[in-house]
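Undergrad: Construct all of the structure, not just a fragment, from the sequences and the given hints.
There are 2 protein chains.
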Amino acid sequence: MLVGSQTWEFKRPPTILSTGTVGGPFEAKGQLTAYFDQLYDDIRCGQKTFEQANQIMLETACNLAINKSDIPKEQVQFLIAGDLTNQMTPTNFAASTLQIPFIGTFNACATSMESLALAANLIDSGAASSILTGASSHNAAAERQFRYPTEYGAQKPDSAQWTVTGAGVGLISNTGNGPKITSATLGKVIDMNMTDPFNMGGAMAPAAMDTITIHLKDRGIDASYYDAIITGDLAKVGRSILLDLAKEQNITLREDTLLDCGLMIYKDDQKVFAGGSGAGCSAVVTYGYVINQLKQKKWNRLLIVATGALLSPLSVQQKQSIPCIAHAVSIENEVKS
Amino acid sequence: MLVGSQTWEFKRPPTILSTGTVGGPFEAKGQLTAYFDQLYDDIRCGQKTFEQANQIMLETACNLAINKSDIPKEQVQFLIAGDLTNQMTPTNFAASTLQIPFIGTFNACATSMESLALAANLIDSGAASSILTGASSHNAAAERQFRYPTEYGAQKPDSAQWTVTGAGVGLISNTGNGPKITSATLGKVIDMNMTDPFNMGGAMAPAAMDTITIHLKDRGIDASYYDAIITGDLAKVGRSILLDLAKEQNITLREDTLLDCGLMIYKDDQKVFAGGSGAGCSAVVTYGYVINQLKQKKWNRLLIVATGALLSPLSVQQKQSIPCIAHAVSIENEVKS
Numbered sequence: 001m002l003v004g005s006q007t008w009e010f011k012r013p014p015t016i017l018s019t020g021t022v023g024g025p026f027e028a029k030g031q032l033t034a035y036f037d038q039l040y041d042d043i044r045c046g047q048k049t050f051e052q053a054n055q056i057m058l059e060t061a062c063n064l065a066i067n068k069s070d071i072p073k074e075q076v077q078f079l080i081a082g083d084l085t086n087q088m089t090p091t092n093f094a095a096s097t098l099q100i101p102f103i104g105t106f107n108a109c110a111t112s113m114e115s116l117a118l119a120a121n122l123i124d125s126g127a128a129s130s131i132l133t134g135a136s137s138h139n140a141a142a143e144r145q146f147r148y149p150t151e152y153g154a155q156k157p158d159s160a161q162w163t164v165t166g167a168g169v170g171l172i173s174n175t176g177n178g179p180k181i182t183s184a185t186l187g188k189v190i191d192m193n194m195t196d197p198f199n200m201g202g203a204m205a206p207a208a209m210d211t212i213t214i215h216l217k218d219r220g221i222d223a224s225y226y227d228a229i230i231t232g233d234l235a236k237v238g239r240s241i242l243l244d245l246a247k248e249q250n251i252t253l254r255e256d257t258l259l260d261c262g263l264m265i266y267k268d269d270q271k272v273f274a275g276g277s278g279a280g281c282s283a284v285v286t287y288g289y290v291i292n293q294l295k296q297k298k299w300n301r302l303l304i305v306a307t308g309a310l311l312s313p314l315s316v317q318q319k320q321s322i323p324c325i326a327h328a329v330s331i332e333n334e335v336k337s
Numbered sequence: 001m002l003v004g005s006q007t008w009e010f011k012r013p014p015t016i017l018s019t020g021t022v023g024g025p026f027e028a029k030g031q032l033t034a035y036f037d038q039l040y041d042d043i044r045c046g047q048k049t050f051e052q053a054n055q056i057m058l059e060t061a062c063n064l065a066i067n068k069s070d071i072p073k074e075q076v077q078f079l080i081a082g083d084l085t086n087q088m089t090p091t092n093f094a095a096s097t098l099q100i101p102f103i104g105t106f107n108a109c110a111t112s113m114e115s116l117a118l119a120a121n122l123i124d125s126g127a128a129s130s131i132l133t134g135a136s137s138h139n140a141a142a143e144r145q146f147r148y149p150t151e152y153g154a155q156k157p158d159s160a161q162w163t164v165t166g167a168g169v170g171l172i173s174n175t176g177n178g179p180k181i182t183s184a185t186l187g188k189v190i191d192m193n194m195t196d197p198f199n200m201g202g203a204m205a206p207a208a209m210d211t212i213t214i215h216l217k218d219r220g221i222d223a224s225y226y227d228a229i230i231t232g233d234l235a236k237v238g239r240s241i242l243l244d245l246a247k248e249q250n251i252t253l254r255e256d257t258l259l260d261c262g263l264m265i266y267k268d269d270q271k272v273f274a275g276g277s278g279a280g281c282s283a284v285v286t287y288g289y290v291i292n293q294l295k296q297k298k299w300n301r302l303l304i305v306a307t308g309a310l311l312s313p314l315s316v317q318q319k320q321s322i323p324c325i326a327h328a329v330s331i332e333n334e335v336k337s
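For the record, the sequence lines run as chains F and E. Residues 1 to 337 (UniProt numbering) are what the first sequence spells out, left to right. Residues 1 to 337 (UniProt numbering) are what the second sequence spells out, left to right.
To be clear, the hints were calculated from the coordinates, so they are not data collected in a lab. Keep in mind that this is a model prediction, so the values were computed, not measured. Check the hints yourself; a few may be wrong.
As the list claims (entries may be wrong) - For lysine to aspartate or glutamate, the following EDC-like pairs were computed, each having C-alpha atoms within a straight-line distance of at most 20 Å:
#1 F/Lys217 <-> E/Glu74
#2 E/Lys217 <-> F/Glu74
#3 E/Lys73 <-> F/Asp210
#4 E/Lys295 <-> E/Asp227
#5 F/Lys73 <-> E/Asp210
TA: Take a look at the structure:
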């Protein structure tokens, strides 16, 4: 049910029953290697194209999540997912292979939490008992679509980000054990008239601030309610802007509990400029590392704030600004009473 | 709540409170001219680019729907919409201007009913009391993205379709008078391994058949329950294939009550090959002509089956097949008891 202006609190918080996380060869050298179910040592995952590799990763992640649960594939009622490629080509083809009724979603790198929020609402409302939801991206597919093919060797500034090659999905259910989805805040589009596609973190930070502010107000809680607030892919530049914005607006975001998936996924010596990004970034980190930590009770209350830069190759060519969005989902071990 | 395998029946069927429909100069010469709220005589709608024209049409349609209702814009809680352009550029920018929390959806030309189904579920479940939902497309933007820029004058076969320039939206509410959204069936992706982007109707017909079959089974009704079943944009080729498939599967679809938005929108003397298509096609016909006929009680029970060809410029270049999907939403003047 709606609380405040744009937040859903779930009466019967759905469970993240199982997860599937898949990454590429660069992610296999990263910080969170132990939390991937499968890591490909081939950027093409044995396929002809990067986009088909993306498709295979999503299919694999979905099948892993299903196989880890006691729910047969035929009983998974809906797939809610999206990716970064034109018209979401990889997700469309994966939905075809999986043969699960498909609800396509797109909010760039915020797709992961947009989809999880919708899945949780559908489960809570009785529209489904089990839903697969997730997001994916592929570094080389994204580079040649949004910027330049990797082979061109184009230089980038330090504020650029590295698109994650990976797919992360969760199997959401109305029964079973696991972390619970307790609430979700769907964000507005915030456009600060920034135009540099090599500084998406900076462009997205105000959207993250807006959604966090509204989420806390709608739920009537302080940021300290959460053990950590984890943004999607603000990376170094965006995170520091978010901390500045929070100070300006008198919202206490503690530096040590404000984390970012784009800063968690790779090692310091991996050359990823400001950090990771891509629809797969928040998806693999959330459904891999974060859910694991929740299950181990290292955290008990988390807010995941996936951030999305709603630019396209076309909007960049047409010299338009970068509209941004952030969607927040709270995942908790115990339900707030 | 879920009935059968993939259909939602709404306990408190949400109302289509008001609508907004906008078209371009070619639609202004069409068959349904009287059912558009606004028709632009300039294919660019006064903007620099076709994509910005698409954006303006969607914004205008949204504002029209809001202005026709007694709900102030600030009380519209969510916008659920998508379009055909890469990364849904026009919808993203419209969501920025409108400043309504945004849930981006993409299932190609099935986006209209995917979005309406989600909106109805959110309203029915108490996650919102008013939602704007719709879809849009722009002929020249789609041509240069999916095929060739119009200026090239590329020839097309008779099975090709004409992308509608238009935006159609509905304001969905938990109160008020108007046609009710009674159920929705979310489709699976069906891929018959067709590869011709100039025969999308043929590729989409099996997806429409699958969704219609499941919808009737899930609701426990015959096709005769509906005064008409209206597909999105199968056009001439796809509609005749759908009729053949229905015969094969012993499902009675009456020729006189099986309509298609792509065959309704233009006049016979307009050169649109097999008929209209595009995410805006089913959106403008549904939220314009169809809702008007329901309000006038010329029809009382309708099933709208929006069909989507989930191809992309990339999947065509990579010689992949065309995966297709169809989502069905029933709109009725009185609620089935």
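Undergrad: Of the hints given before, which are not true for this structure?
TA: none
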